[in-house]
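Asks: Please construct the entire structure, taking both the sequences and the accompanying hints into account.
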Amino acid sequence: MAYNRTPGSDRGGNDSDGPRGKFKRTYHRRKVCKFCADSSLAIDYKDTKIIRYFITERGKITPGRISGNCAKHQRMLTVAIKRARNIALLPFTTTLVR
Amino acid sequence: MRYYENLYIVKPTLSDEDYGGVVSKFNELIEKNAGVMIKVEEWGKKSLAYDIKKFDKGFYVMQQFCGEPGIMEELKRYLGLDDNILKYQIIKLGDQVDPEKLIAEQGEGKETPSAGEETVEDNSMEGEV
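If you're matching them up, the sequences are chains L and G in order. In the numbering used here, each residue's number is its place in the first sequence (first place is 1) plus 7. In the numbering used here, each residue's number is its place in the second sequence (first place is 1) plus 2.
If you're looking for bench data, these hints aren't it; they were derived computationally from the structure. Glycine included, C-beta positions come from ideal geometry on N, C-alpha and C. Treat the hints with caution; some may be incorrect.
[What the hints assert, rightly or not] Have a look at the derived ranges for each label pair, beta carbon to beta carbon:
{"no.": "1", "chain 1": "L", "residue 1": "A44", "chain 2": "G", "residue 2": "D58", "range": "30 to 40 Å"}
{"no.": "2", "chain 1": "G", "residue 1": "K55", "chain 2": "L", "residue 2": "R37", "range": "46 to 56 Å"}
{"no.": "3", "chain 1": "G", "residue 1": "K55", "chain 2": "L", "residue 2": "T85", "range": "21 to 31 Å"}
{"no.": "4", "chain 1": "G", "residue 1": "A36", "chain 2": "L", "residue 2": "R37", "range": "50 to 60 Å"}
{"no.": "5", "chain 1": "G", "residue 1": "A106", "chain 2": "L", "residue 2": "T69", "range": "30 to 40 Å"}
{"no.": "6", "chain 1": "L", "residue 1": "K56", "chain 2": "G", "residue 2": "K103", "range": "38 to 48 Å"}
{"no.": "7", "chain 1": "G", "residue 1": "N29", "chain 2": "L", "residue 2": "I73", "range": "35 to 45 Å"}
{"no.": "8", "chain 1": "L", "residue 1": "R72", "chain 2": "G", "residue 2": "D97", "range": "31 to 41 Å"}
{"no.": "9", "chain 1": "L", "residue 1": "K38", "chain 2": "G", "residue 2": "S26", "range": "40 to 50 Å"}
{"no.": "10", "chain 1": "L", "residue 1": "R72", "chain 2": "G", "residue 2": "E102", "range": "25 to 35 Å"}
{"no.": "11", "chain 1": "G", "residue 1": "I54", "chain 2": "L", "residue 2": "K67", "range": "16 to 26 Å"}
{"no.": "12", "chain 1": "L", "residue 1": "R72", "chain 2": "G", "residue 2": "Q98", "range": "23 to 33 Å"}
Replies: Okay, structure coming up:
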């Protein structure tokens with residue numbers, strides 16, 4: 008990182024340094040783990056209202072990099088989702104036609 | 003004593019009487035096996051996320067109880083034998099808990115609902131990790 012920023016360094020060059028830096032800056036968004044931010048929010052497999060926020064329309068588990076959850080809470084969440092699926096509170100898939 | 007939670011689904015076609023009989027049967031089963039009942043919740047008839055044994059609805063019943071590990075085996079056996087049970091799931095909420103303390107927490111929970119429930123949730127988290 009350091010030598011890239013040094014002006015006049017002959018290693019990076021204009022073509023590789025410029026666009027990459029711009030790209031990073033434009034798409035940077037700070038994500039905060041919901042469960043870390045709000046300690047009163049507990050992960051419980053019976054509470055489908057909260058869990059539903061973290062699954063897609065098709066019933067898939069949203070990845071941690073999308074939901075922004077920290078690794079610890081994402082792990083607890085996946086366990087909770089799988090438990091809820093097992094007891095038919097949440098669907099495995101939604102392709103079934105009712 | 004260990005702290006367990008059992009969530010089971012009863013057939014939706016049962017009459018109120020039969021349904022009550024099933025619920026009380028499993029509550030008594032725990033007492034009979036030297037367990038301590040902490041909480042029983044009947045969620046009523048709910049629609050299932052997917053069909054189980056060709057039913058798309060079911061009565062959800064949740065029971066939280068304390069007991070020795072043997073109690074769970076016994077409960078599992080009876081749940082499996084009963085035709086009125088569509089599905090069940092038993093999970094461990096905690097190791098080496100004091101049932102009296104939990105009952106006291108439940109009592110507090112009635113007066114101030116939010117505070118009491120949270121403490122129970124915290125216990126469950128510790129048990130799972």
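Asks: Each hint should be assessed against the structure and marked as holding or not.
Replies: Quick rundown of the hints versus the structure:
| no. | hint | in the structure |
| --- | --- | --- |
| 1 | A44(L) x D58(G): 30 to 40 Å | holds, 37 Å |
| 2 | K55(G) x R37(L): 46 to 56 Å | holds, 48 Å |
| 3 | K55(G) x T85(L): 21 to 31 Å | holds, 27 Å |
| 4 | A36(G) x R37(L): 50 to 60 Å | holds, 53 Å |
| 5 | A106(G) x T69(L): 30 to 40 Å | holds, 38 Å |
| 6 | K56(L) x K103(G): 38 to 48 Å | violated, 29 Å |
| 7 | N29(G) x I73(L): 35 to 45 Å | holds, 43 Å |
| 8 | R72(L) x D97(G): 31 to 41 Å | holds, 33 Å |
| 9 | K38(L) x S26(G): 40 to 50 Å | holds, 49 Å |
| 10 | R72(L) x E102(G): 25 to 35 Å | violated, 45 Å |
| 11 | I54(G) x K67(L): 16 to 26 Å | holds, 21 Å |
| 12 | R72(L) x Q98(G): 23 to 33 Å | violated, 37 Å |
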